[in-house]
Amino acid sequence: MAEGVAAAAGVAAVAEPGAGPATRLGTGIGWRPEIAGIVAELPGLRFCEVIAEAIDPAAPPRGVAELRDRGVPVIPHGVRLSLGSADGLDPERVAHLAACADALDAPLVSEHVSFTRVAGRDAGHLLPVPRTREALDVLVANVARVQAELDVPLALEPVAALFDWPGDEFTEAEFLTRLLDRTEAWLLLDVANVHANAVNRGGDPCAVLDGLPLDRIAYVHVAGGSEHPGDTAAGDPGVYHDSHTDPVPPEVFALLGELCDRRLPPAVMLERDGRYPPAAELAAELAAISAAARFAPPAARAAAAGQVVPAAAGVAPGVLR
Amino acid sequence: MSAGLAARQAALVDALVAGAPVPDGFDPVRLATTRRALLRKRAGEAARHWPLLAAALGPGWPAAVAEALDGVPPGGSLRDGWDVARWLRAAGRLPAGAVDELAAREVATRYDGSGAPRARRAPAVRRGRGSVFVQVGGRTLRLRLRNR
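First to last, the sequence lines map onto chains A and B.
Our numbering numbers the first residue of the first sequence as 1 and each following residue consecutively.
Our numbering numbers the first residue of the second sequence as 1 and each following residue consecutively.
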């Protein structure tokens with residue numbers, strides 16, 4: 001209940017950014033059918049995210065509907081909208097994302113800074129766009145198109161990639177900052193992606209954090225991936241693949257700490273997409289994320305909730321509260 | 001919207017999933033790494049739709065997927081796994097543990113190898129391993145054979 005109110009207040013804060021004290025919602029998880037039973041019982045779950053393409057807005061999965069009805073904010077997360085497609089968006093996919101937001105009473109929706117489809121082809125994967133003015137114009141136009149159909153804010157997630165386009169005109173941070181400025185979208189920052197990009201494409205992950213508008217963060221993703229050996233004969237050193245199938249590695253926890261040193265994010269969630277651990281392990285990982293993100297443990301929060309606090313005080317900016 | 005960028009994006013996708021040459025300016029080693037990563041990801045996703053096939057191949061599953069689907073644009077994990085199963089069958093390498101899975105799919109659903117699989121309207125019969133699958137009116141029966 002309180003969360004539902006807070007989520008609505010969060011949306012209001014978008015109209016007046018910085019109007020309130022810093023919002024600290026807490027920790028969430030990506031809802032997946034395989035772990036629906038575990039997610040329903042997770043202690044201190046403050047929000048969740050669902051893959052928009054896996055949802056029928058007319059009949060959301062029961063587990064998701066139950067979380068929504070409990071007042072747990074549910075965020076539809078698109079993975080196939082292809083906001084970076086230079087030949088435009090598929091109107092049906094835009095309508096689907098908007099319908100998911102409506103059906104789930106979502107405080108916001110999110111998608112990626114990438115393209116998956118173009119000119120009748122489908123890569124089946126989130127591919128990077130070139131960091132150029134031309135690609136920026138494409139993204140801005142497509143994002144505006146989506147925002148026009150949404151009743152809630154949109155957050156954009158930079159992706160992990162294994163390669164760069166030739167002819168980049170901006171650094172990753174410059175490109176994203178311009179995109180967020182021009183679209184007024186929020187940032188969904190995946191620290192595991194920042195880590196993966198630093199490992200695979202070189203560069204200092206902390207410099208990326210320093211260059212991003214951290215006050216635009218709506219929420220944060222963390223996940224664990226795996227390392228794959230490369231073909232050394234071909235000069236391929238191997239890669240860190242952000243597969244969401246492993247425990248969150250210490251390097252990603254460290255980067256979450258670096259982020260929190262710079263600015264405490266409103267909300268942080270775990271993405272897990274396979275090789276699911278037992279419930280206790282998943283709960284322990286969420287607790288570790290909560291601690292790393294410096295959220296109050298559930299007991300302290302319960303004590304705080306016992307005090308008389310004006311509605312929506314203590315929860316603040318950011319779209320998600 | 002931006003014809004030049006759209007063409008460059010299409011050329012990149014073709015290089016990654018359709019066997020086209022690496023477009024100018026890209027690092028060929030990095031694109032090859034990406035191509036392999038995409039095939040590995042497709043293997044993981046296809047295994048969810050084809051659990052017996054993936055289990056029968058065990059640790060050899062990702063390599064089989066990479067071999068069968070390199071240069072084949074993704075058509076979704078159901079079709080990806082189906083393509084792998086047919087490719088293995090054509091090569092005489094379909095594991096015994098996956099024969100029934102493929103037969104049960106093919107008796108219920110028509111897949112032409114390029115479009116989306118569709119439920120069969122007409123009755124069909126497919127032989128599995130020690131079983132025959134019979135589909136009538138959308139219901140599939142599995143009949144065990146006594147003497148093989």
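It should be emphasised that the hints constitute simulated quantities derived from the structure, not laboratory data.
Keep in mind it's a predicted model, so treat the numbers as computed, not measured.
Some hints here could point you the wrong way.
For the chain A half of the interface with chain B, some residues (derived, Cβ under 7 Å), not all of them [unchecked claim]: (1) 54; (2) 121; (3) 162.
Chain A is nowhere near these chain B residues, computed Cβ spacing over 12 Å in every case [claimed, not checked]: (4) 4; (5) 52; (6) 56; (7) 59; (8) 60; (9) 64; (10) 119; (11) 123; (12) 125; (13) 131.
Even glycine gets a Cβ: it sits at the ideal position worked out from N, Cα and C.
Evaluation of the provided hints:
About 12 Å separates the beta-carbon of residue 54 of chain A from the nearest beta-carbon of chain B, more than 7 Å, and the hint is not met. Proximity of residue 121 of chain A to chain B holds as hinted, the smallest CB-CB distance being about 4 Å (cut-off 7 Å). At about 5 Å, the closest approach between the beta carbon of residue 162 of chain A and any beta carbon in chain B falls short of 7 Å, and the interface hint on this residue holds. Not every beta carbon of chain A lies more than 12 Å from that of residue 4 of chain B, the smallest distance being close to 7 Å; the non-interface claim is violated.
The claim that residue 52 of chain B lies off the interface holds: its Cβ sits roughly 18 Å from the closest Cβ of chain A, which is beyond the 12 Å cut-off. Every Cβ of chain A is farther than 12 Å from the Cβ of residue 56 of chain B; the closest lies at roughly 19 Å, confirming the non-interface assignment. Even its closest Cβ contact with chain A, about 14 Å, leaves residue 59 of chain B beyond 12 Å, as expected for a residue assigned away from the interface. Distance check for residue 60 of chain B against chain A: the nearest CB is about 16 Å away, which clears 12 Å, and the non-interface claim stands.
With a closest Cβ-Cβ approach of about 17 Å to chain A, residue 64 of chain B is found to remain outside the 12 Å limit, as its non-interface label requires. Distance to chain A confirms residue 119 of chain B as a non-interface residue, since its nearest Cβ pair spans about 19 Å, more than 12 Å. No beta-carbon of chain A is positioned within 12 Å of the beta-carbon of residue 123 of chain B; the least distance is around 30 Å. Against chain A, the non-interface label of residue 125 of chain B holds: every CB pair exceeds 12 Å, the least being about 33 Å.
For residue 131 of chain B, the requirement that its beta carbon stay farther than 12 Å from each beta carbon of chain A is met, with the minimum near 29 Å.
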